[in-house]
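> From first to last, the protein sequence lines stand for chains A and B. Using the numbering used here, the first residue of the first sequence is number 1, and each one after it goes up by one. Using the numbering used here, the first residue of the second sequence is number 1, and each one after it goes up by one.
For the record, the hints were derived by calculation from the structure and aren't laboratory data. Please read all numbers here as calculations on a predicted model, not as lab measurements. Every residue, glycine too, gets a C-beta built ideally from N, C-alpha and C. Where hints are given, some of them may not hold.
Said to hold, decoys possible - Beta-carbon label-pair distances, calculated as ranges: (1) Lys18/B <-> Ala536/A: 54 to 62 Å; (2) Gly54/B <-> Ala536/A: 19 to 27 Å; (3) Asn20/B <-> Leu267/A: 34 to 42 Å; (4) Ile492/A <-> Gly54/B: 43 to 51 Å.
Said to hold, decoys possible - Taking lysine-lysine and the PhoX-like style, the derived pairs with C-alpha atoms no more than 25 Å apart in a straight line are: (5) Lys376/A <-> Lys433/A; (6) Lys135/A <-> Lys60/B; (7) Lys75/B <-> Lys344/A; (8) Lys435/A <-> Lys18/B; (9) Lys376/A <-> Lys18/B; (10) Lys435/A <-> Lys75/B; (11) Lys75/B <-> Lys433/A; (12) Lys484/A <-> Lys75/B; (13) Lys376/A <-> Lys60/B; (14) Lys233/A <-> Lys75/B; (15) Lys75/B <-> Lys119/A.
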Amino acid sequence: MAKCHDINEDPRIYEKPNKILLMGNPNVGKSVFFSNMTGIHVVSSNFAGTTVTYTEGTVNIGDKTYTLIDVPGTYSLEATSEAEEVAIRFLNSNPVAVICVLDATNLERNIKLGLEIQKYNVPVVYALNLLDVAKRHGTEINVGLLSRELGAPVVPTVAVKGEGIEELKQELQNVLNRTQFTCSNCSACPSCQSCSRNELDIWSRAKYIASRVRKNVDGNLSFLDRLGKSMLKPWPGIPIALLIIILSLGVIVGGGKALRAVLLLPLVNNVLVPLFKSLFSAIVPEGVLLNILIGEYGIFVIGFEWIIALIFPYVFLFYVVFSFLEDSGVLPRLSVLFDNIMRKMGIQGGSMITILMGYGCAVPAIIGSRTATTRKERLIISAVVCFAVPCISQTGALISLFANFSPVLLVLMLLLSLVIMITVSTVLSRILKGKVDPMVIEIPNLLMPNAKAYGKKLMLRMKHFLVEAEAPMLLSVVIAALLKESGLLNYIAVYLEPIVSGWLGLPKDAVIALILGIVRREMAVAPLLAIEGLTALQAFVGGTVALLYLPCLSVFGILSKEFNTKVALAIGTSTVVTAFTVAGLINQIAHLFM
Amino acid sequence: MKGENNFNGSHQSIYNAKDNLQYIVVNAPELGILKSLGIIENAMIQKLMTHRFGGPVLIKVDSSEIAIGKDIAEKIIVRG
Chain A
1 MAKCHDINED PRIYEKPNKI LLMGNPNVGK SVFFSNMTGI HVVSSNFAGT
51 TVTYTEGTVN IGDKTYTLID VPGTYSLEAT SEAEEVAIRF LNSNPVAVIC
101 VLDATNLERN IKLGLEIQKY NVPVVYALNL LDVAKRHGTE INVGLLSREL
151 GAPVVPTVAV KGEGIEELKQ ELQNVLNRTQ FTCSNCSACP SCQSCSRNEL
201 DIWSRAKYIA SRVRKNVDGN LSFLDRLGKS MLKPWPGIPI ALLIIILSLG
251 VIVGGGKALR AVLLLPLVNN VLVPLFKSLF SAIVPEGVLL NILIGEYGIF
301 VIGFEWIIAL IFPYVFLFYV VFSFLEDSGV LPRLSVLFDN IMRKMGIQGG
351 SMITILMGYG CAVPAIIGSR TATTRKERLI ISAVVCFAVP CISQTGALIS
401 LFANFSPVLL VLMLLLSLVI MITVSTVLSR ILKGKVDPMV IEIPNLLMPN
451 AKAYGKKLML RMKHFLVEAE APMLLSVVIA ALLKESGLLN YIAVYLEPIV
501 SGWLGLPKDA VIALILGIVR REMAVAPLLA IEGLTALQAF VGGTVALLYL
551 PCLSVFGILS KEFNTKVALA IGTSTVVTAF TVAGLINQIA HLFM
Chain B
1 MKGENNFNGS HQSIYNAKDN LQYIVVNAPE LGILKSLGII ENAMIQKLMT
51 HRFGGPVLIK VDSSEIAIGK DIAEKIIVRG
């Protein structure tokens, strides 16, 4: 409930002057407004004490600079979720204005939020977005009448095309130039009144306003509108979904390979490595140090090859595809189509989106699991991602590993990961206490993403990945170099031989994969690439160990942070045990037939 | 009470209700998200379809399309 004299718990937010809040329902296109109005310097932050994140940037209105805050989308301000609580706290933190984005295709509920915001005594400017979609669906809105009913300026916009943004800024400037009013008389503040203000009143008023301003016209659904509708039915929805998944894989793998072969590998092999080799050979004498720098496992040799030419192309292509699927509205439709399968596994359709994210990197997926409504669901999703979902770096390495053998290996690996996924999910849903809430989601319109918002999202994601993954990657390369040069590697190999060679049937050199795999997941595969004379079975067994093995150090860290150390250790040990057991069994059973 | 069009208001769950008809909500689970989306007592909703094999129910509330998992949909009682 809004209390206008509460000190906000996050002093950073409270003290920041000149805040403009960007609010609205989920899926109305707020991020498009945000990226259109802000520059390059955009920061993503966590609201203190919550799991809610928001983005902020700067915007110039007239000759003043303001902080624009993209508040997470909310359906209402009734504090029924953490996102709503954060929105309320933002409203109570003395912003100078609010931009409320309304979805013209969903007037009633959007107007309801618009009315609720007015309770907070902050100047509001409304943006009536998605007008083009509304028109196609047969709805026209009397904007002038809506503005009179709401008692505030309403700017018609089509954000994805950039239409109306300038007018919005103009209206904002008008509103901001007026005398600012502050909440000085608390007893008059509507928020301080009894909160049993009938919510039904606001709904009724919202429906009344919507019916008055809406006019039915002939609709003319576009191809995307019709595709969006048809994707919600099992036929043709499921074939379309499978097609999209296969196409995505094709773009990621094909694009990644092409980027690697055409641009990055030549860059590394012909430019970067020779450069550093000649540089260091000139200044460092022969010996251990030189080998660590540019030897076989040298930092500047392997570091470049693995990070730039092996991992980066696939990570980039993954986020290109995933961000597109997100912004276009495809993902919730996948949730609907596969909800029945997810239910049988003990989770729900919405979890699928988080799991798909894990195919990029487990860290944002585990953070993204915050959208799950119960702890049990969060745990199951995180465990599934750690056990059976290879991150894109690992997938890229696996594809390279299997490249010399039959494509059947890749298919078998995919099937194996699906089996493990179903097993882990089903087992955990039986043994963990608590429940998983069934799916309740709104289906957004299917649209072509806005290029600017998409580009910014992609850049932000790549930035996060490079910053978070770079250090562990370099660390593992350094460890590899040190182990090899100091001879420690051979020492450890002798100890692990019964497992590595006896049980798993792998050559001795594979030991380094096991050790490095603790630090980074693709490092559990990459060393195998260097082993000569690997058989198909050995490649598959090695790949299986890598797939099921420990999550990398960064994931360990995020598990400890999001849950606790106990969970991280539990997942760590069970993945190791599963990896060795399953891979070893595959090896032993295969040998029975050979 | 599957598929009965008794206009005196026989109650059934939205999960079993006939497709493409309008219904009035009699009783809905006390979930914040349902309330926020407008699925409350006396709200008018349109049923679109139910996905088979335990899949979700697709409904329309005013102009927004919402998918609700079976376990909750079965508890949303409607009449009409």
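> What hint numbers does the structure not satisfy?
2, 3, 8, 9, 12, 13, 15
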